[in-house]
Amino acid sequence: MQTFDLSKSSLRELNATLHAQKASTNQTAWEIANPRGHHAIAVGLDAPIEVTVKGSTGYYCAGMNKQATVVVKGSAGPGVAENMMSGTVIVEGDASQYAGATGNGGLLVIKGNASSRCGISMKGIDIVVYGNIGHMSAFMAQSGNLVVLGDAGDALGDSLYEARLFVRGSVKSLGADCIEKEMRPEHLEILRELIERSGAPARPEEFKRYGSARRLYNFHIDNASAY
Amino acid sequence: MKDEKKAAQIPQTTPRQSWTFSNEMNSEIRRAAATGIYDIRGGGSKRKVPHFDDLLFLGASISRYPLEGYRERCDTKVVLGTRFAKKPIELDIPITIAGMSFGSLSGPAKEALGRGATLAGTSTTTGDGGMTEEERGHSNKLVYQYLPSRYGMNPDDLRRADAIEVVVGQGAKPGGGGMLLGQKISDRVAKMRNLPKGIDQRSACRHPDWTGPDDLEIKILELREITNWEKPIYVKIGGARPYYDTTLAVKAGADVVVLDGMQGGTAATQDVFIEHVGQPTLACLPQAVKALQDLGMHRKVQLIISGGIRSGADVAKALALGADVASVGTAALIALGDNDPHLEDEYRALGTTAGAYDDWHEGKCPAGITTQDPELMARLDPMAAGRRLANYLKVMTLEAQTIARACGKNHVHNLEPEDLCALTIEAAAMAGVPLTGTSWIPGRGGF
Numbered sequence: 001m002q003t004f005d006l007s008k009s010s011l012r013e014l015n016a017t018l019h020a021q022k023a024s025t026n027q028t029a030w031e032i033a034n035p036r037g038h039h040a041i042a043v044g045l046d047a048p049i050e051v052t053v054k055g056s057t058g059y060y061c062a063g064m065n066k067q068a069t070v071v072v073k074g075s076a077g078p079g080v081a082e083n084m085m086s087g088t089v090i091v092e093g094d095a096s097q098y099a100g101a102t103g104n105g106g107l108l109v110i111k112g113n114a115s116s117r118c119g120i121s122m123k124g125i126d127i128v129v130y131g132n133i134g135h136m137s138a139f140m141a142q143s144g145n146l147v148v149l150g151d152a153g154d155a156l157g158d159s160l161y162e163a164r165l166f167v168r169g170s171v172k173s174l175g176a177d178c179i180e181k182e183m184r185p186e187h188l189e190i191l192r193e194l195i196e197r198s199g200a201p202a203r204p205e206e207f208k209r210y211g212s213a214r215r216l217y218n219f220h221i222d223n224a225s226a227y
Numbered sequence: 001m002k003d004e005k006k007a008a009q010i011p012q013t014t015p016r017q018s019w020t021f022s023n024e025m026n027s028e029i030r031r032a033a034a035t036g037i038y039d040i041r042g043g044g045s046k047r048k049v050p051h052f053d054d055l056l057f058l059g060a061s062i063s064r065y066p067l068e069g070y071r072e073r074c075d076t077k078v079v080l081g082t083r084f085a086k087k088p089i090e091l092d093i094p095i096t097i098a099g100m101s102f103g104s105l106s107g108p109a110k111e112a113l114g115r116g117a118t119l120a121g122t123s124t125t126t127g128d129g130g131m132t133e134e135e136r137g138h139s140n141k142l143v144y145q146y147l148p149s150r151y152g153m154n155p156d157d158l159r160r161a162d163a164i165e166v167v168v169g170q171g172a173k174p175g176g177g178g179m180l181l182g183q184k185i186s187d188r189v190a191k192m193r194n195l196p197k198g199i200d201q202r203s204a205c206r207h208p209d210w211t212g213p214d215d216l217e218i219k220i221l222e223l224r225e226i227t228n229w230e231k232p233i234y235v236k237i238g239g240a241r242p243y244y245d246t247t248l249a250v251k252a253g254a255d256v257v258v259l260d261g262m263q264g265g266t267a268a269t270q271d272v273f274i275e276h277v278g279q280p281t282l283a284c285l286p287q288a289v290k291a292l293q294d295l296g297m298h299r300k301v302q303l304i305i306s307g308g309i310r311s312g313a314d315v316a317k318a319l320a321l322g323a324d325v326a327s328v329g330t331a332a333l334i335a336l337g338d339n340d341p342h343l344e345d346e347y348r349a350l351g352t353t354a355g356a357y358d359d360w361h362e363g364k365c366p367a368g369i370t371t372q373d374p375e376l377m378a379r380l381d382p383m384a385a386g387r388r389l390a391n392y393l394k395v396m397t398l399e400a401q402t403i404a405r406a407c408g409k410n411h412v413h414n415l416e417p418e419d420l421c422a423l424t425i426e427a428a429a430m431a432g433v434p435l436t437g438t439s440w441i442p443g444r445g446g447f
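As given, the protein sequences belong to chains A and B, one line each in that order. Position 99 of the first sequence, counting from 1, maps to 99 under full-length UniProt numbering, and the rest follow consecutively. Position 407 of the second sequence, counting from 1, maps to 407 under full-length UniProt numbering, and the rest follow consecutively.
Any given hint could be a false lead.
[Claimed, not checked] Some, not all, of what chain B presents toward chain A, calculated at C-beta under 8 angstroms:
(1) Pro15
(2) Arg150
(3) Ile199
Simulated from the structure, these hints should not be mistaken for laboratory data. For every residue, glycine included, the Cβ atom is placed at its ideal position computed from N, Cα and C.
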């Protein structure tokens with residue numbers, strides 16, 4: 001286990017050190033002490049390493065992650081795992097706005113609640129939230145899966161494309177062009193696999209599925225009031 | 001019979017068209033009534049606004065002596081990103097190619113832009129849709145746009161870019177996003193953007209994971225950390241509130257500010273947006289320069305100006321007003337072959353005429369530039385088109401040098417407002433230079 005203390009070394013040194021790890025590195029386990037809400041911790045990683053952040057982080061922790069597993073032993077500020085490509089990011093506490101924004105791949109697990117715009121513009125990432133998510137989540141979400149064990153706030157899935165949304169609790173309101181959809185066997189299988197990977201305490205049968213009605217895919221003046 | 005004869009002898013008033021309800025305006029009313037949708041088009045503002053044409057250089061005189069054309073050196077090199085980046089960009093000429101997306105433009109067009117820019121010793125820029133191999137491969141210096149949609153955004157392309165341009169706005173539509181209509185969503189475009197083929201692709205008007213200048217500062221920190229602080233970070237703004245937007249971009253940590261006036265083009269947006277939102281380039285530039293000067297950052301944070309740049313004279317005037325670089329988009333497309341009169345028959349078949357074609361979003365471009373149709377795309381030879389672009393960029397550079405020498409400057413950056421006068425009161429007020437024949441700068445006193 002390599003330990004990096006952010007009260008003694010700089011953010012630049014931390015990220016440069018983590019970036020220097022190659023796919024074949026034998027220094028696979030890293031611990032970051034005293035994060036103290038620093039922004040941009042462990043961003044742009046591209047190696048199969050495991051990074052544990054012992055505390056809460058500021059903006060964009062694990063941004064654009066590839067391959068790495070990043071565990072935040074606290075809460076995460078805005079944009080955790082934004083634009084993630086692959087790998088896994090786990091937040092033990094809550095996550096602020098835009099969690100997993102524009103993510104292309106990988107798995108983001110939030111064991112607490114996520115704030116507004118969780119999964120905004122997601123492009124293939126899988127997101128599992130044990131708690132609730134805030135308003136405008138999955139806005140313009142393109143692809144991937146968002147699984148919410150708790151409740152969803154207002155305007156879930158507004159202007160949604162092909163992303164799949166699974167919510168176990170209540171949905172305060174659905175956004176434009178987002179509708180409840182039939183839960184078919186293939187969706188239960190997706191849920192089962194995501195629940196297993198994320199360790200979420202839930203069963204696939206407990207969820208409802210939401211997706212795009214695809215009415216707004218091509219502009220028509222008679223739909224203008226939907227926007 | 002007598003009355004009829006008398007009436008025929010009364011002089012008639014010539015039928016008078018309304019200025020308010022012009023033929024053009026009436027045709028738009030009829031089009032809107034027939035279709036139920038606003039007019040979408042490409043390009044920038046077509047209305048006549050105060051521009052660089054309204055400025056003149058004074059040239060040398062007894063009190064200023066010129067440099068010898070073709071003999072005495074007049075440098076044009078520019079370095080961008082000297083504030084924080086470990087690897088600033090060095091350009092041979094003070095002209096760059098503005099951001100234009102693969103998707104709105106064809107693959108061969110993007111390749112041609114890269115080839116032309118490289119031959120001329122300058123940079124080109126990606127757009128909303130990600131970085132293509134042909135563009136990266138043929139661009140010696142490539143600026144990678146970081147846009148609200150994040151289509152195609154990935155850390156590998158960030159690292160193989162030469163600079164990163166965080167796009168906040170653009171001159172054609174400050175405050176607006178974009179729409180790539182389904183007609184142009186080919187298999188390749190759809191794959192790069194991770195969306196189904198054939199649907200209208202909305203590009204968001206603001207970034208999904210930051211809001212405001214304080215967040216932008218943190219976003220720039222993240223991008224620098226991901227790219228090892230090597231890449232210059234540009235921030236592109238539309239011509240909305242250039243003084244404050246420039247100030248905030250600098251505060252957020254930009255190495256370079258890119259300012260795009262309302263004549264700057266877009267792939268597609270509403271005509272009402274293009275013509276009625278934003279300010280002319282001439283009005284914006286001095287405001288941005290003043291912001292930099294007030295911060296003590298002029299020439300430390302470089303300023304790129306775009307929006308209606310067409311000639312070396314435009315470039316020279318922009319530099320004289322305080323820009324470091326002028327950037328071309330629409331003019332570059334024309335150099336590639338867009339709207340060329342030799343295609344007039346085909347433009348007429350599309351209901352338009354060469355020079356006026358702006359339905360770029362429909363993907364039917366006869367020149368093979370603003371299309372994803374394989375047959376149309378094949379019309380553009382990227383090598384020949386790239387050569388034309390390089391020629392054009394070099395001509396503009398020579399023109400700017402000619403003017404700079406005439407003003408006694410051994411570097412185009414030594415041009416200054418003192419070298420200029422304005423033909424109109426409006427241009428004098430906007431540019432902050434005297435009205436020609438007077439020492440009067442409106443708003444600043446003088447004769």
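Quick rundown of the hints versus the structure:
1. Pro15: violated, 34 angstroms
2. Arg150: Given a least distance of 4 angstroms, the restraint on Arg150 (chain B) holds.
3. Ile199: With a closest approach of 4 angstroms, the Ile199 (chain B) hint holds.
When each numbered hint is compared with the structure, a violation occurs for hint 1 only.
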